[in-house]
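Undergrad: Fit chain B to the given chain A structure using the hints.
So the sequences go chain by chain: A and B.
Using our numbering, the first residue of the first sequence is number 1, and each one after it goes up by one.
Using our numbering, the first residue of the second sequence is number 289, and each one after it goes up by one.
Hints are computed from structural coordinates only; laboratory data are not their basis.
In this text the structure is predicted, and so the values were computed from the model without any measurement.
Don't take each hint at face value.
So the derived list for chain A, only partly shown, Cβ under 8 Å to chain B, looks like this [to be verified]:
{"#": "1", "residue": "K67"}
{"#": "2", "residue": "K73"}
{"#": "3", "residue": "F208"}
{"#": "4", "residue": "A254"}
{"#": "5", "residue": "E284"}
Cβ atoms here follow ideal geometry from the backbone N, Cα and C, with glycine treated the same way.
Number of protein chains: 2
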Amino acid sequence: MKERTADWFRALRDRICAAFEALEDEGAHAPALPEAPPGPGRFQRTAWTRTDHSGAPGGGGEMSLMKGRVFEKVGVNISTVYGQFPPDFAKTIPGAEEDPRFFATGISLVAHMANPHVPAVHMNTRFLVTTRAWFGGGADLNPALPREEDTRAFHAELKAACDAHHPDHWPRFSAWCDEYFFIRHRNRARGVGGIFYDYLECPDAATFEAHFAFTRDVGEAFLRAFPPIVRRRMAEPFGPDERRALLRYRGLYAEFNLVYDRGTVFGLRTGGNVEAILMSLPPEARWD
Amino acid sequence: MKERTADWFRALRDRICAAFEALEDEGAHAPALPEAPPGPGRFQRTAWTRTDHSGAPGGGGEMSLMKGRVFEKVGVNISTVYGQFPPDFAKTIPGAEEDPRFFATGISLVAHMANPHVPAVHMNTRFLVTTRAWFGGGADLNPALPREEDTRAFHAELKAACDAHHPDHWPRFSAWCDEYFFIRHRNRARGVGGIFYDYLECPDAATFEAHFAFTRDVGEAFLRAFPPIVRRRMAEPFGPDERRALLRYRGLYAEFNLVYDRGTVFGLRTGGNVEAILMSLPPEARWD
Numbered sequence: 001m002k003e004r005t006a007d008w009f010r011a012l013r014d015r016i017c018a019a020f021e022a023l024e025d026e027g028a029h030a031p032a033l034p035e036a037p038p039g040p041g042r043f044q045r046t047a048w049t050r051t052d053h054s055g056a057p058g059g060g061g062e063m064s065l066m067k068g069r070v071f072e073k074v075g076v077n078i079s080t081v082y083g084q085f086p087p088d089f090a091k092t093i094p095g096a097e098e099d100p101r102f103f104a105t106g107i108s109l110v111a112h113m114a115n116p117h118v119p120a121v122h123m124n125t126r127f128l129v130t131t132r133a134w135f136g137g138g139a140d141l142n143p144a145l146p147r148e149e150d151t152r153a154f155h156a157e158l159k160a161a162c163d164a165h166h167p168d169h170w171p172r173f174s175a176w177c178d179e180y181f182f183i184r185h186r187n188r189a190r191g192v193g194g195i196f197y198d199y200l201e202c203p204d205a206a207t208f209e210a211h212f213a214f215t216r217d218v219g220e221a222f223l224r225a226f227p228p229i230v231r232r233r234m235a236e237p238f239g240p241d242e243r244r245a246l247l248r249y250r251g252l253y254a255e256f257n258l259v260y261d262r263g264t265v266f267g268l269r270t271g272g273n274v275e276a277i278l279m280s281l282p283p284e285a286r287w288d
Numbered sequence: 289m290k291e292r293t294a295d296w297f298r299a300l301r302d303r304i305c306a307a308f309e310a311l312e313d314e315g316a317h318a319p320a321l322p323e324a325p326p327g328p329g330r331f332q333r334t335a336w337t338r339t340d341h342s343g344a345p346g347g348g349g350e351m352s353l354m355k356g357r358v359f360e361k362v363g364v365n366i367s368t369v370y371g372q373f374p375p376d377f378a379k380t381i382p383g384a385e386e387d388p389r390f391f392a393t394g395i396s397l398v399a400h401m402a403n404p405h406v407p408a409v410h411m412n413t414r415f416l417v418t419t420r421a422w423f424g425g426g427a428d429l430n431p432a433l434p435r436e437e438d439t440r441a442f443h444a445e446l447k448a449a450c451d452a453h454h455p456d457h458w459p460r461f462s463a464w465c466d467e468y469f470f471i472r473h474r475n476r477a478r479g480v481g482g483i484f485y486d487y488l489e490c491p492d493a494a495t496f497e498a499h500f501a502f503t504r505d506v507g508e509a510f511l512r513a514f515p516p517i518v519r520r521r522m523a524e525p526f527g528p529d530e531r532r533a534l535l536r537y538r539g540l541y542a543e544f545n546l547v548y549d550r551g552t553v554f555g556l557r558t559g560g561n562v563e564a565i566l567m568s569l570p571p572e573a574r575w576d
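Chain A with its partners taken away, still in its complex shape (with noise of 0.2 Å):
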């Protein structure tokens, strides 16, 4: 399970990159910043090892990065970590309350874009293994300036996905999304939805098999969904207005990640890799 799981992750990575570049490509006459490279984006791919918890080697990952003309940053990360939970943490997490041994594997990433037009957007599915085994993950769209059809058509891939597995996974997740993406002292949401789970759990062999096949399909839907979106976006002309609304809507933006979201505050706090965890942070915020 530990390797089917990783294995898919880092293929999902490579094919989502591969996507990602033909845009850049696509976009190569696209409006650009004025320091936009001068050709099409290509990722960048840094390795990174850790240290676990208790002093033994616990795994990495691999953090690939591009800085391009239409994804103005983006960050697709793999990462493979074991080991044992620090105590205070251990109790929190389901299996881990007597034996705090543990793997996670996943992939993770969050695109910034330089066109105000073109939404950001993030997606994160991983596989925890503690004395329990389970799915979790999620995408959710972060437009500026919302457009109705592309929301429409990120929801659509999603519920999708879900409803091939169960008719109780869209009504769910998305209502979980819209929950876990809100940014209370705003009283605002943070984007315009999609879906987040957590939980999926593998009790034995059947339920590994159906919940690692929706997480496939919840990536699958991810790279059917935003690509379209990107594409019928980025040629969009605009100016310096909607330049400073997209960089005041990621101050927001920065404000979940840094004060609310659950994995970059726990990161942050027990000595992650914080290049990985902060790649999510826009390359520039406005709070003005």
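TA: For chain B alone, kept in the frame of chain A given last:
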């Protein structure tokens, strides 16, 4: 005590705003950003009121915000608030464990400067009353491009204010500052130090007078220390590389405030005045 402290914070606010506006006048020909206003900046004042946790009126405050040519964004806030702490929070506050009623008055200031050679700065002092009463506060310098001369001058004024009151103040409060304003996930200090103090308790009139006098002197030291640093640096030429270094440094500053700062996190999570709390965030920042 409540009236005298609140009056002092208000008067200090007025003097700081006047001093900063004078720097805007002096810096009328300093190198400015393309989007800087055509003339010297002036503070805009906005009053706000709050409803207490208990539902009763809970006081309020005034934000003074200036977006100028020398000061890219500076907020000088005063507030005088009272009511009852929420039950969970009351447990964490000295003297509120049994009786959740409180009164708090203070001044809070953060300045983000247009010129990367001028350090940003933070200053905050406050008086709290529960069944106990105490002063707290501090000031620290936050340069993107540190200069030994500026750091020394800033420290010297604060040290003099400390030394005039107690030989332990400077060693204790400067160490507390270094410890508090530390970005753990980056393993680096946010700035170059200053002082941080809290729980200067006032069990009787004599200790109140002593700690109030110290807190006033911190304000006076700030007023003596910061404007000369601005004056010395604001006309220095700078280019895109220095500006970029400033914007990246401000990303770290935003990380500290959103992840670690006690006042920010508590305020955001418990429904404080969001505009006033987040006035500390930089007008522009980069993570690239």
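Undergrad: All the hints need checking, so say for each whether the structure fits it.
TA: The hints, checked one at a time:
no.	hint	result
1	K67	7 Å, holds
2	K73	6 Å, holds
3	F208	34 Å, violated
4	A254	7 Å, holds
5	E284	5 Å, holds
In this structure, only the earlier hint numbered 3 is contradicted, and the remaining ones agree with it.
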